[in-house]
Each structure stands twice: as C-alpha cells, then as structure tokens.
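Line by line, the protein sequences are chains A and B. So the mapping is simple: this note's numbering equals the position in the first sequence, first residue as 1, plus 42. So the mapping is simple: this note's numbering equals the position in the second sequence, first residue as 1, plus 16.
A hint or two may mislead.
Label-pair restraints from in silico Cβ distances [claimed, not checked]:
hint, chain 1, residue 1, chain 2, residue 2, range
1, A, E423, B, L647, 55 to 63 angstroms
2, B, D926, A, R158, 32 to 40 angstroms
3, A, E252, B, G655, 56 to 64 angstroms
4, B, D871, A, E249, 44 to 52 angstroms
5, A, E167, B, S823, 52 to 60 angstroms
6, B, L935, A, R158, 27 to 35 angstroms
7, A, R158, B, A941, 43 to 51 angstroms
8, A, A469, B, A928, 35 to 43 angstroms
9, A, G301, B, S823, 54 to 62 angstroms
Computed footprint of chain A on chain B; a stretch qualifies when at least three of its residues, placed anywhere within it, have a C-beta under 8 angstroms from a C-beta of chain A [what the hints assert, rightly or not]:
hint, stretch
10, 707-715
11, 836-845
In short, the hints are calculated from the structure, not lab data. Built from N, CA and C at the ideal position, the CB exists for glycine as well.
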Amino acid sequence: MSDDQQPTGRRADRVGATGAGKRGIVQRHRIDGLVVLAMVLPTAVAAALAVTNGDDPVPWTDAPPSAARLTDASLVCAAAASSTAGDVVLSRVPGMRGGEVAVRIAKDDADELTGRDEVGVTSGELTSVRSDDDVLVTGKDAAAPGLVAGRTGPARAAAECRAPTFDEWYVGIGAAAKQASTIELANPDAGPAIVEVALYGRHGLVEEEELHGIRVPGHEIMRLDLSTVTPRRGTLAAHVTVVRGRVSTTVRHTNDPLGRGRPQIDFLPAQAEPSTSNLLLGVPADGTGEVHLFNPGDDEVRATIRVVSDSAIFTPARLDDVVVPGGTVRQVQLSQVLTEKASEGALGLQVVAAQPLVASVRLLGDDLGLVAPSTTIDDDEPVTAVVPEGPKTLVLAGAAQTGVVRVSATDARGRLLLDEKRVEVGAERGHGLKLPDAAVLVTVRSRSTSIAGTVMLTGDRVGVLRLWPAEVDADVPVVRPQ
Amino acid sequence: MSDVSVVLVSHDGASWLPAVLDGIRAQTAPVAGVVAVDTGSKDGSADLIESVLGTDPAVPVAVLRESGRTSYPEAVALATDALTEHGLATEWIWLLHDDSNPAPDALEHLLRAAAARPEVDLLGPKLREWPSLKRLLEVGVTLSGTGRRETGLERGEYDQGQHDEVREVLAVNSAGLLVRRTALEELGGFDRHLPMFGNDVDLGWRAAAAGRTTLVVPQAVVFHAEAAHRGTRRTPLTGRHTHYQERRAAIFTLLANCRGAALPFQALRLALGSVLRMLGFVVVRSVGEALDELAAVVSVYSRPGPLLEARRQRQQRQSAPADHARVKRLLAPWWLPYRHGLDFVSDLAAAATNQAADVAERRRAAAADRDPSPPVARHKPGEDEEFEDTGLVARFLTDPVAVALAVAAVAFVIGAREAFGTVSGGALSPVPEGAGDWWRLHYESWHPTGFGSAVPAPPYVLPLALLASVLGTATTMTALLVLAAPVALWGAWRFLRVLGRLITRYGAPRWLLLWGSVTYALVPLVAGAWGGGRWGVVVAAAVLPWLAHAALGFAEPEAPRRWRAAWRTGFLLALLTAVAPVMWWLCAILGAVVVAASAVVVRGAVRDRAVWGPPATALAVPLVLLAPWWLPAVWEGAGGALFLDVGRWPTSSTDGLDVLVGRFGELGAPWWLGLVLPVLAVLALIPRPTRIGVVLCWLVAAVASLVAVPLGLTTVDLTGAATQQPGLGPVLLVVHGAWISAAVLGGLALTERSPSPVVLPRVAQTAAAVVGVAAALVPVAGLVWFAGWGGDELQSHAESGIPVYMSQQAEKAPEDGVLVIRGSVADGLTYEVERGDGPTVGEDEIAALTDEDPDVTELIGALATAPAPQAVAGLTDRGIRYVVQPAPADGAVAARLDATAGLVRASAEDRATRAWQVLREPEPASVEGPRSWPRIALLVLQAVAIPAVAVLGLPTIRRSRR
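Chain A extracted, bound-state conformation (with noise of 0.2 angstroms):
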C-alpha cells in the first residue's frame, strides 16, 4: 500500500519518509494532498451524520371511527324502588326520525323479559311503558338512535335506564345487612351472557368464586344480592366485565338502619372508566355521608378533594389528600370536606389524583343518595333525559372554557316548560339552575364548551340523574392489518 514503490528496507523506509532529494520532494508533494484528505474526510463524515436524522418509526396511531347511523339500541329500566317512581316514560334526543321499538317486561320481579309489544317513540314527545318492573326497551334500525328512557314519578330513588356495557366501575357497594347491594344483569340479547365480577375491599381483591363466570341466560335478569352472595362488612368497589355477549347492570343499594327506621333504597350509578378527575356534582351543601374511593392501580394513589361551588372548585382548608393504597377503597366523612366554610354553594365535588380513580358518595340523611362521577358531554351535542317530577335543580361543572348552555324542560304533556333557557358557563365553577317542578323531559345543549352535567333532586329528596348522550350513532372502527 504505501512503500510499494519505495525502496525497501527499515534504513531504506527512514530514507523514503525524511530523507532530502528527489524523492523527499516527490513526497512532500503527496502529503500535501494527503493533508487536505485528511481535513476534508472527517468533515464529510460529520457533516453527513449531522443531517442523517431517523425519526422513530410510529407503529401505532390511534384512528378514531367513524360514525354510522345506529342500528340498534337498548335500554334496560330497573324495577322502580318505591310505588311513586311512576312510569317508564320514553322518549328521543332532538331531531331523530324515531320509530317503533320492542318493550320486553319481568312482570312482578320475574327472571325473565317477557312479552314483546311494539310502541312508537319519537323525538319531544313522551311514551309511557305502565310498569313499575324490570322494563327492556329495543330499538331497530330508524328507531335505534337517541332512545332514552326514565321513570318521572315523584320518588325518592332515581334509577337510571341504561345501555348494557362491558366494562363497568362501582365503589360503595356494601355487603352486610346495614349497607347492601345488589347486582341486577340484565341480558338484552337472546343469546347467553357471561359476567365477571370482581370486588375489592379495604384490603384489596376479594376472592369469590360464585363472582366468577355468572351466567345470565337471553332475556333474562340475574340479581345477586351481595349480603347473600358473599356477606362481609365494609365498603366495596365492583368491576363488572361481560366476557360474553351484552348485559345491562344496575347497583341497588339499601340502607338499613336496622330497626331505627325504614330501609332506604337507591340505585348506584356506575362509572365507565377510573379518571385521574372525577366530577360528583349534586351533592348537597348540606349532605352529610361519605366519599368513596377506590384505586384500581397497583401503586398508591395520593386523592385531592376539591369542593365544586356555584363559584370556584377549591380544596377545603386544613383537608389533607387522601392516601389510597392499589386496589383498596378508602372512605372520607362528607363533613370533613364540606365544613361549614366550604360548603357555602357547594354543587358538588371534585376528585382529583395523579392515577385514575373510581369515586362516588354515599350521601345519609332523610334519604339516601348515591352519586357517582359524571359524563363530559361534547360541544353541541344534544342531550335529554328523562327524570322525576318535583323539586330538581339541573347542576352544570368541568366546563372546558366560558360558554353557553341552552335548558329546554317539558312536562308529562308535553308543554314546554322552559325553551332554550341560557345558562352562561365558565371554568373553574359549578352552576345550580332550579328547573320546574313539573318538567320531566330535560335537554341540554352546550355551545363552544364541553360541559357535564347532573339533575338533582331536591326537597325531602336526595339523588342525582347524570345526563349522558344518548346513543345516535354507532362507531364503526378503523381496520387494518397489525
């Protein structure tokens, strides 16, 4: 390579590489070319590498679906708690074509849905189902979207009328004759439904085989009652999964003051997913009870609970963060949070903690009152709902932004009781907005902010009604090879 044509030699090398003469100067010559490579080289490679940039492939970006018309809905009303919850009444977000749906009935507590009779539903009028039992509502093609459905008699406990599901979250179940809770599934389909339950207590994962693998056959409604099932003290939290086809699940709760006084019944609302920010509106200024909370995670959670009032969303003074260790359900008095102080306009509540949790209260009193997180509902997206005559005040929090609100409430006849009323919203605060007596159709339409929002009821009454959207259209997801 280099001192091919030099003489050979180790003396010789010497010579080629220092020595004076023709052949010094025939090397000098080489070496000044050789210098220039050798700064210009290493450059090149710098430079080349400098722009040589790989951004990481990326393997997976979430694709959102896109939305067809649905084709089928179903709502599963639970058996009225007291004679005065009243009818199934049913009705249509605003706007929908409607059409005829399919009612199935456990008639006087039965297991199975039974009967088919066909009823007309169509958007801002109201439908009556006469049945204070377990009530399942099936719409078809036109008559699928925007099905929702309540009972409007003036009681006490306030159940909602709910799709099925496949993944659902409850904490403040209770197992012992005071405290009890009971899982009705509900299968729409005709096809058999497998439910996984699996509960946690103070000290993590409750194992119960009977918990594992419910069957709940087509058309029918399974109803564990926890005491029975697997009696223990303390409060819970559920997971209920459907491994296998569909089933709607209802929480209902009783609360036995075991002979000072009757039993109070009410429904437990469920939450669809553990939030890092959970929303509890409809809790009195002057609720008393509990707070629940439950930490799915595995790692510690540290909880801050901040008081939504018609105001601010603040933390109480000297109220420390609540410590939930994975997998546990920790309790908070109600009183600690909301002292006289804090709960000037309170509206509700707010949980916040770095990991999702699964929250809701326990309010106690003259009637029991269960509340659980709310829905956000999305910028210009009607909402409706069905709920009870008497007292209510409709409560609005977690506004994004500044926005506006519009209220429109009918009653049974169909009047319009109030038409398009505004609501102007900001962050940062809850809104009370006292609807009438009489209304039992409720729609909510938010401008330019997402807004969640709950109708409470008041008077001798304690208990909330979440508004969620009502299903319109179906998610058809995006496909493609892994």
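Given chain A's structure and the hints, the job is docking chain B onto it.
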C-alpha cells in the same frame, strides 16, 4: 556369455532414445542381446535403435516393428517370443522403456542383488526423475485400498540415499525391471487387460500371490521421464485421458486380484470412494479428472466380462494356494487412504484461510521483482516467532496477549449467557421447530403466512436451514449469537494483521492487534444490536472482517489470484448481504469509489479487465446467489427488503449521532463510551508515516456515512400503519470498522515497527500516553458492560394472548389459522393471523412486507361492525379456524361476534381474552397458493451457483501425484 537380454519397448521416443541407447551400451554388466519392440512410431524411433545399436557387433539387436495399437503387455510378450527365436533364451530379461535411461552400473547392481538372493524372481531399480536426475520417483511401489499407487515418498523428495536399502516390495516399475524369464512366462506376462498403466503393480501382485519375491535394489538407478503418465506422449492407447486410464487400471487390478470373499466389499468401497474423489476433484476445480474418475468406474463396472475372465486366468495359473499373507504384508496399510483424505482437507482449509494472508508479502515480492536493486528484506525476528521451549500452559500464562484474548473470549460467553437455549426478544423472533421449516420457507413460492403471501423468504433462510440441518434450529441461533463475537475478533485480528503488514513489513505488534480486534468484536455488542435481537447486524459484524480480508486479495499482484479473490469475496458478500442487505449497496458504492480513485491515481489501470473485473465480479456474485430472494421481492412489490436490516420490524430508528457513538437508539452501553473511538480515529490522522492508510480508512468511513444520509431520511412502508427506517446497522459497522483500522494504523506509527518511527517531544509523549489509556479503556469497559448487562435487553416477548390449545391446533395444520383482533372501536382495530408455530425467524419479513389485502380488511371490518354469515364463510375460505381478541378486549366487537351465526364461543385461560371457533373447518387448500415457476428457476440457478462459486473461490492446491 551374459545371462541378461534387454527388452526395449518404444513409441515416438526419439527425443529420449539416444540417451537411453547410450545408457544400454554403457552398462558395466554385459548384455546378451537387445530385442526392441517399436509400436508404430512416427518419429523414426525404430530406425534410430537399429542404427545406433546395430553398430556394435557384440550385442545382437532385433527390432520388431508393430502397429500403434500394440499394448505394452503384448509388446513384452512379442519380445519374449522373439528372444527364443533369436537364441537369446537368457535366464534374465531386463525391461526398459524408451524414456528410461539406466545408470551405467544399474544392471550390475541388479545382478549382484539377484546373486545374493537366489530365490528372487523380480528386481527393480530406484527410479529418479528425468531430466532433473535428483528427485526420487519410485523405490518400489504398492497399492492402497482405494487403488492409489503408493510410493511411500514425499512429493519431489530428493535422493540423498535415505531409501537405499534393498527390501521386498509388492511391485517395481516395469521400467528397469529385471525378471527371471521363466517366472515371467509362468506368470503369463503382463495382463493384456491393462494396456498402458498399472500392469506393473498387477504383475507384482500376481508374483507375490504365487509366492515369488520382488526386490527393489536402490543401488541400481534408472532415470525415468514418465512420458506417458505426464501426458507428454500420447499414444492411441493412452488417449487424452491418462487419469482415466490410470484409475481404470487401478480399479481393475484391485478387483482382479483381491480375494473372492472380499470382492463385493471391495467393489462397493471403490464405487463410493470414487464418488468422494470426484467431489475432491470438483472442489479443486479439476472437472476433467472428476469426469475421468467417473468414466473409469463406469467402464470397469459396466463390463464385468474382462474382469471375471482375468480372475479366472489368475485362478487357473495358481498351482499352489495363494500366498495371501505375503500380499497383505506388501500392500499399503488400510489407514493410508484416510490419512491422505485428512491431509487433503486440512491442506484445502489451510490454503483457503491463508489465501489473502500473504498478500502483503507477495506485493512486496512483486515490487522487489520490478526493482531488484534494494537488498532483500530480511525478516526481523519479532515477538511472533519468539517462544521458548517451555510447556504450553507456561507459555500461555506468560503471554499477556494470549491471556487477554482468553479473558475476552470468556467475557463474550458470559455476556451471551441469555442466548443459551431458546432465545428471542427485540427484533429476534423465536426459531421454528425444525430445519425443515426453514427449508420449506426457502423453497415454497407461496407462504401460508397471514392470509398468504408470495413475498420470497429472506435470503438468510438458506444458510440458517443448512446450519440447522446439522445443529437444529435452537442451537443454530445460539451458536450464531454466542460465536459471532469470537469469530468477529478472529477475523478482525487477521484483517488488521495483514493491514499492518501492508504498511510495514514487520506488521503491527500483537497488543495493537488485540486492541483493534477486541474493540471491533465489541462494536455490535455495545451498540445494542446483540441485546436488541438484531442478529443480522451481529452476524454481519462477524463476517465483515473476513470479507475485508478476502477483498485485500484485489491487491494481489497476480491476476489469477485477484480473480480467485473475487469469487471468494463475492461468496462472503452474498453471505453478508443475506444477513444485512444494505451491505451490498455499501460495498457497491465503496467499490465504485475505490475503482474511480485508483483510476485517478494509476491512469490506465481501469482499462485492464483484470483490475476492475474482480471487484465487479464480487459484486455480481450476490446478485446471482441471492436471485431467488431479491428478484421475486422486487416483482412482488417487497423491494423495500433490499434496504432493511433483517429481523422483526419496526425497530427504533438510528440517527447520525447514534452512528457516531455506535449505538442503536436507547440500546447498548453508555453512549459517551462511544465517543472515544471517533476521537482516536481523528488523532490517527496526525502521525505522518501511516497517514495514507488512515486516510484510506477515513475514505471508507466517509463513503459509508454518505450512504447513510439517504437511508436515514427515508422509510419503507410495512404492512399496516408501520414504517421502518432502512437499516443503518451495516453503515455503523463499516464506519466503526474503518475507525478502528485507522486507530490501529495511527497507533502503529508510534511503535518501533513504524515505517519511519517518530520521536515525540515530552509533552506529546504525555498526551499520547493519556490517549493510549483512554483507548485501552474502550474495550475493557465494553467487555465489562457486555459481560454484566449485555443480554439484559434480550427479553422474551409478552404472550400473544392466544389460548395454548389453539396454538397447538394451529401448529398441527397450517389451515387452522388464528385470527387475532386487537385494539378497540374507539382507537381502531388491527388484525393479524397466526399459523403454525407463530411468527418465527424468517417469517417476520414476509409478513411485514406483504401488501395489505383490501378484501381481507373489508371482511374483518364487516365482522367487527355488522357480521353476517358470509363474513364467517370468508374466514373459512381463508383458512381461519379461530378468532381471538386478547385482553383488553373491546366488548363492542366481542358482543357482535358473540351474536354471529357460524362462530361459537371458545374457552380461554385468561378470562379477559375472548375467543371464538369458526364452526366449519377450513380445507387444507384454503392456504395454498400459486406456484411461481420463475422463482423455481431462480432456485435452481442458486443451487448450481453456490457450489460453483465456492469451488471457484477455493485456492489452487492441485499437485501432480509424484
């Protein structure tokens, strides 16, 4: 009156005859007469004999003129008959060829030995080469079990009296054979079935079997030109194929003379042995002799008549029981053929590995030839040769370089502990069950991967299949991962050693080679290629220095060596391209730059085909050898594979900074450790004596870096939404390899072996010491890191979520595929199909490069939204037996599938996993696809080309037999 008459057989021997005749006339022992048999000479041999010998009345001469078809046995028989006719019925007959010239005292010595041992019937002289006169050809001869003519002499052995002992042998050459006339007649003369070659051994064998003694008398010397054997004389009997004649004679002799009981065994052994010998000839590129070998066996075996007749004749002549003990004693020992075989293989291996090692020496010799004025270089007795005569262990322990190498090897094995047993993780998928899976993957044109794919199997599948056929699949991958670093070290050592010798004839000191080779072997390990399962890069790192070593052969001064280097380099480049396809592009551009640069430096060199031809050939070889991969990949729309590293994609991207510090993204050893090497390579530019070499190394690094720019900025689309950056692994290897070479050369300049040692000022000495310490820390820290944490990242993959019984069912039948649907309606769904034993090494690339089938996507979209029985039928037709939604499963999709007719819920161990079985069983035909005849043609081409290139790349170790 003498008792010896001479029989001289001649055929076109005029060029030797005058000397031979002089030799006969000059004999010190008297000769009774000469009978010459001329077999149709056209050069006047007969007249020559008559005119020369006829002048001496003391020696009567008879010349028999026979046709050219007269064989040697016939000629001798005619001569013996003529002896009686001419009244020359002497006791002894002395046979001579026209190319065998006896020394004056040859006959005298033979007769003296005959007198001393009266029982002897045949005597032979020592044959020496003519015209060299010094080299020994034969001192008696015997036959090995495979029919090889054994002389017991080394090739080209000089006669120094080392074999001068009269002893009994099986046979002696007919040139110079002194035989008792009665014995020759009783033995029936030479066998006419052996017209030219091997008849002497046959005669000796028969004599020994008849209890007669054959002696070799080394004091008697005959010079033999071996004109027929060497092919310098052609007769109608030898034809052009002397090898064929010799082999045929050997086989015939063995079969005609062996014991009857051993005949079937001997026949089988010779047939099998001939096949082996054929392979041996093919390996050394002697196709003609391989064909001769085949023809000889066919010729003997196809016509058993003459053979049986020969055996019958031998039995008839047998008056007493055959003297088997004597024959056995005189035949070659049984193990001799095996030793020859072993010698051949080891010669071949040594030559193959050392082909380029001497390139520096040969260049220097060529330069010296051109300019003979400087004194001949004397090799400095360096430390390479210094060893004291002590025990192996003591020598090992007192040699720090050997100890350091051993420590490095141990650290490599410790670091590679994760690879023992089955291994997968990162870009490395599990290996399939057996080698047959890889063979099938390589040969089938339609793979039942996913919903079926015509994308060809990656090119590395063939070498893996070959290895796995011997080792098994799991051991193959283990061996690759564990041995890659030691092999890379070995290769780097050899390459750097030659590189050092190109700069200075004393070569680089061993400690510098140690530093360079260990640092290089660590490049893929500390880069995280090993831990990240990028096994292609790991194996490429092991092959690259061998390729570089082979490519040094392009600098050979002789053109034939350059061409052989081309085949060798091409073969290695094909292997390298198979595991790291980008390497081909890199070498192509590098080759173009180097050829262009040499065109600038040495004008006119490029016009010489022997200069640019070899590199071009080396680049063309992978195109041919890997044709069944890259051509179908291009026409099946999977051409992106030509630019990607192998393994499971997607892998994290590599940017310029990663290449600079030699790391793959977040993987590997601490990145700052990688800064030392580029700094060293820059510093290596400072010493003047080795600057040319260092600049060349930087040129290689610069070309590789420039290639990295377009590679780094583009992406290749994979199936689904994924993309993959083209493979920068080869770039990283080449750049770091070049830097290490530069650093070694720079370091060489500072040693006393430098072409012109530099005396550093004191400050510079300190700086050099600091740099040296930093440099030494790089391999040490790398070794410690690899041994401690190197395999941590090679973790097994999470479970696929498919129930075990479904996987087992899928393994049994490829048509029982498992459709896996992941994701949710809200975020999008993905699907994949698992068949057989899941995605294994070799299938990942096929699956990732297969274009999405829109019909399938539509089908699965329909299943996930509004499933109909037609959709389920579509699954059956595409070979799907099960549908699985691993946890976390979207209940919305699950509920729809639950409600679909034709699907029934199947059980799963994990309660959160949803699984369904398709009611109707798929047909085996559902996963079959079209056969691609063009690809089959390419496979045939590959099967022919691989051995051809291998043989062309092997060194020449052909040698004549004597």
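Going through the hints against the structure:
{"no.": "1", "hint": "E423(A) <-> L647(B): 55 to 63 angstroms", "in the structure": "holds (56 angstroms)"}
{"no.": "2", "hint": "D926(B) <-> R158(A): 32 to 40 angstroms", "in the structure": "holds (37 angstroms)"}
{"no.": "3", "hint": "E252(A) <-> G655(B): 56 to 64 angstroms", "in the structure": "holds (59 angstroms)"}
{"no.": "4", "hint": "D871(B) <-> E249(A): 44 to 52 angstroms", "in the structure": "holds (47 angstroms)"}
{"no.": "5", "hint": "E167(A) <-> S823(B): 52 to 60 angstroms", "in the structure": "holds (55 angstroms)"}
{"no.": "6", "hint": "L935(B) <-> R158(A): 27 to 35 angstroms", "in the structure": "holds (29 angstroms)"}
{"no.": "7", "hint": "R158(A) <-> A941(B): 43 to 51 angstroms", "in the structure": "holds (45 angstroms)"}
{"no.": "8", "hint": "A469(A) <-> A928(B): 35 to 43 angstroms", "in the structure": "holds (37 angstroms)"}
{"no.": "9", "hint": "G301(A) <-> S823(B): 54 to 62 angstroms", "in the structure": "holds (59 angstroms)"}
{"no.": "10", "hint": "707-715", "in the structure": "holds (count 8)"}
{"no.": "11", "hint": "836-845", "in the structure": "holds (count 9)"}
Checked against the numbered hints given earlier, this structure breaks none of them.
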